[in-house]
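Throw the hints in and build the complete structure from the sequences for me.
As they're listed, the protein sequences go chains A and B.
The opening position of the first sequence corresponds to residue 7 in my numbering, with each subsequent residue numbered one higher.
The opening position of the second sequence corresponds to residue 562 in my numbering, with each subsequent residue numbered one higher.
Careful: at least some of the hints might be erroneous.
Only pairs whose alpha carbons sit at most 35 Å apart, straight line, appear in this in silico DSBU-like list of lysine-lysine [as the list claims (entries may be wrong)]:
1) A:K49 / B:K591
2) A:K47 / B:K583
3) B:K598 / A:K191
4) B:K591 / A:K96
5) A:K47 / A:K77
6) A:K139 / B:K633
7) A:K77 / B:K703
Don't read these hints as lab results, they were simulated from the structure.
Please read these numbers as outputs of a predicted model, since none were measured by experiment.
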Amino acid sequence: MSFINYASREINCKIVYYGPGLCGKTTNLQYVYQKTAADAKGKMISLATETERTLFFDFLPLALGEIRGFKTRFHLYTVPGQVFYDASRKLILKGVDGVVFVADSQEERMDANIESVENLRINLIEQGYDLDKIPYVIQYNKRDLPNVVSVDELRRELNPTNVPDFEACATTGEGVFETLKAIAKLILFDLKKGK
Amino acid sequence: MSNPQLIMYDEEFKQINVALEKLLREANAKVIFLVDKNGQLITGCGETERFDTTSLASLTAGNIAATGGLAKLIGEKEFSILFHEGEKDNLHISIVAGRVILVVLFDTRSSLGLVRLRVKKASEELTAIFNRLLQKNEEKEKSGDSEFPFAEITDDDIDNLFS
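Next comes the structure, spelled out in structure tokens:
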């Protein structure tokens, strides 16, 4: 959950990028890191294997600016996508304020996407959250590849509740900031609504 | 929800900082941080400017989460103290009041025994402060008496963040 500090006038929120292995979660964060002004970001941390697969998480702190005199900070995390890292994934969802599901648009990754969404739902329940109630957006990544499933079909399979969704190509940055803005907005509105 | 939202007020923030400053002196430590279990830095004292405090907070919380996972696997509730020994500097990490993490960085000017002893004493004090804070959070939520800064924000305020 967000941490509100009246003493230092700060609001901190946690966003988690979830999705199957190699769908582009880390690439999303890397793009955000590259394109953010130095004074608005902290160091990006990647706990990865030697082959650059996420082992535990990536972490990127962002300062978005002020709302009514309160500094708004977002902490972006990714989870390890590979199926066998489930224990680690659960830990990263602790205290989450909003989730971005990054789907791999390639036809052969459809099953992995579906499995990962189900895994997200189950792991959230374990932490006491309901995917249908928390801020949640979906990104259909890798739209630049030739063998992609249509957005209509991705929607049907992965977005039955019609949450905000975006087409993206994280390597070129297309759709990356749109996704981030959407989840940040949902979180801020949720904070507003909550009181 | 497993971890209710943490809201920090001036009064408790000052008390916490006083307790940490005292611990810093008595344990002869270099730096002390207090981190939320979700990875957010609450406050720090000592030579904080020498460190990337945000990263430190996030990794500490990850560390506590991972060892907490290990603890559950072997049937323990949690490991409440972690100690990392380096060539020069050492980290003593402990859980306070069940939800915040106290990180003490010290070198050869202090010792593990001294740090453990002082941390134990400071933990009691911090636990009392956090219990008061959580109670205050709860009461304010129940009574609806909240000066919550976001209650008044508009769509425009949020849009402006991204312009």
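Between K47 of chain A and K583 of chain B, is the straight-line Cα distance small enough, at 35 Å or below?
The hint holds at about 32 Å.
Original post:
Hey, K47 of chain A versus K77 of chain A, does the alpha-carbon distance stay inside 35 Å?
Top reply: Roughly 13 Å between the alpha carbons, so the hint for K47 of chain A and K77 of chain A holds.
Item to complete: Below or equal to 35 Å on CA atoms is what counts here, so check K77 of chain A against K703 of chain B.
Response: Answer holds: K77 of chain A to K703 of chain B is near 26 Å, not above 35 Å.
query = Does the structure keep K49 of chain A and K591 of chain B at a Cα separation of 35 Å or less?
reply = Given pair K49 of chain A, K591 of chain B holds - Cα atoms ~22 Å apart, limit 35 Å.
Given the hinted pair K591 of chain B and K96 of chain A, is their alpha-carbon gap at most 35 Å? Distance of about 33 Å is within 35 Å: holds.
Keeping to a limit of 35 Å between CA atoms, is the pair of K598 of chain B and K191 of chain A held or broken? holds (24 Å)
Going straight from one Cα to the other, do K139 of chain A and K633 of chain B come out at no more than 35 Å? holds (28 Å)
Going through the hint list in order, the structure satisfies each hint without exception.
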